[in-house]
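Visitor: Residue strings, one per chain:
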Amino acid sequence: MTFVILLIGLCAGILVGLLGIGGGIVLVPALTHLLHMDQHAAQGTSLFVLLLPIGLGALLEYRKKGAVDFQAGIYCAIGMLIGGYLGGRIAVPMPSRMLTQFFGGFLMLSALLLWGKATKRTFESALPEEGDA
Amino acid sequence: MKKATGFFLAGIAGGIASGLFGIGGGVVLIPIFGLLLAFDQHRAQGTSLVALIPPTGLLAVLAYAKSGYVFWLTGILLVPGLFLGGILGAKVAKRIEPHRMRQVFATLLFLLGAWEVFGNWKH
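Which chain is which? The protein sequence lines are A and B, in order. For what it's worth, this note's numbering labels the leading residue of the first sequence as 1, then goes sequentially. For what it's worth, this note's numbering labels the leading residue of the second sequence as 1001, then goes sequentially.
Treat each hint with caution, since some may be false.
When the alpha-carbon atoms are kept at most 35 Å apart in a straight line, the in silico DSBU-like pairs for lysine-lysine are as follows [what the hints assert, rightly or not]: (1) A/Lys64 <-> B/Lys1094; (2) A/Lys65 <-> B/Lys1002; (3) B/Lys1066 <-> A/Lys65; (4) B/Lys1091 <-> A/Lys64; (5) A/Lys64 <-> B/Lys1066; (6) B/Lys1002 <-> B/Lys1094; (7) B/Lys1091 <-> B/Lys1002; (8) A/Lys64 <-> B/Lys1002; (9) B/Lys1003 <-> B/Lys1091; (10) B/Lys1094 <-> B/Lys1003; (11) A/Lys64 <-> B/Lys1003; (12) B/Lys1003 <-> A/Lys65.
FYI, nobody ran anything at the bench for these hints, they're computed from the structure. The structure displayed is predicted, hence computed values, not measured ones.
Build out the structure end to end from the sequences listed, making use of the hints.
Guide: The structure is reproduced here in structure tokens:
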């Protein structure tokens, strides 16, 4: 069991670095389907894990490429602290099953929106083709 | 200043999703950065990682913990893999071109969403 958990962590971590996300979108499905936690427990545990600076190693890699806007990140973090509390207050009283469907639907919708824009090249402006110094 | 407000509002949106779904919030931040604020995909992802540095999710965790929804030991065991995997994933990401990167991101997101919705049907 311990080994499975460690392995889930590693897989989720790879996606953290690859996608620049917290890992929750991987952890939550993995915890519910592989460890059979209920939706609330999976989300609570995922949030707890994300409290620790797990993305720091990945962040340093992005910084080497110059792909980090720290100012934007910090403003965002302040908003997230507040928003996180609001979201938690909404989710806790919700039925677990409804929360699962809501979460999955949300992920698929975001994916479709992003895919639609992925074909437009106009957004890829800022990053120069630099050689890593 | 106008930009700062935009980032702050992006953070609020990301935070609500974070608390609501138990996620980091990057899935919301990255599309906002990329599509509304015109960051390229790598910059969006790198900046999202800054916003995810603790204690961003602290208040959300407390909301869950109060109801007994946090499994602390399992959580701790997930950490080492996440940290090492994070570095590995970032190294891979650097080799992918921005255009392709967004497609990779969207595809993985979709698959994970489908897993959530349809994986539950057999229970």
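Visitor: Each hint should be assessed against the structure and marked as holding or not.
Guide: Comparing the hints with the structure gives:
Taking the CA atoms of lysine 64 of chain A and lysine 1094 of chain B, the gap is about 10 Å. The hint holds against a cut of 35 Å. Restraint check: the Cα-Cα separation between lysine 65 of chain A and lysine 1002 of chain B comes to about 27 Å, which is no more than 35 Å; the hinted pair holds. The straight-line distance between the Cα atoms of lysine 1066 of chain B and lysine 65 of chain A is roughly 41 Å, outside the 35 Å bound, and the hint therefore fails. Restraint check for lysine 1091 of chain B and lysine 64 of chain A: the C-alpha separation of about 10 Å stays at or below 35 Å, so the hint holds.
Proximity of lysine 64 of chain A to lysine 1066 of chain B is assessed by CA-CA distance (about 40 Å); at most 35 Å being required, the pair is judged violated. Proximity of lysine 1002 of chain B to lysine 1094 of chain B is assessed by CA-CA distance (about 31 Å); at most 35 Å being required, the pair is judged to hold. Taking the CA atoms of lysine 1091 of chain B and lysine 1002 of chain B, the gap is about 34 Å. The hint holds against a cut of 35 Å. Taking the CA atoms of lysine 64 of chain A and lysine 1002 of chain B, the gap is near 28 Å; set against the 35 Å cutoff, the hint holds.
Distance restraint check for lysine 1003 of chain B and lysine 1091 of chain B: the Cα-Cα separation of roughly 30 Å lies within the 35 Å cut-off, and the hinted pair is therefore satisfied. The suggested pairing of lysine 1094 of chain B with lysine 1003 of chain B holds, with an alpha-carbon distance near 27 Å, which does not exceed 35 Å. For the hint linking lysine 64 of chain A to lysine 1003 of chain B, the alpha-carbon distance of about 24 Å falls within 35 Å, and the restraint holds. Our distance criterion of 35 Å between C-alpha atoms is met by lysine 1003 of chain B and lysine 65 of chain A, whose separation comes to about 23 Å.
In this structure, the hints that do not hold are numbers 3 and 5, in rising order.
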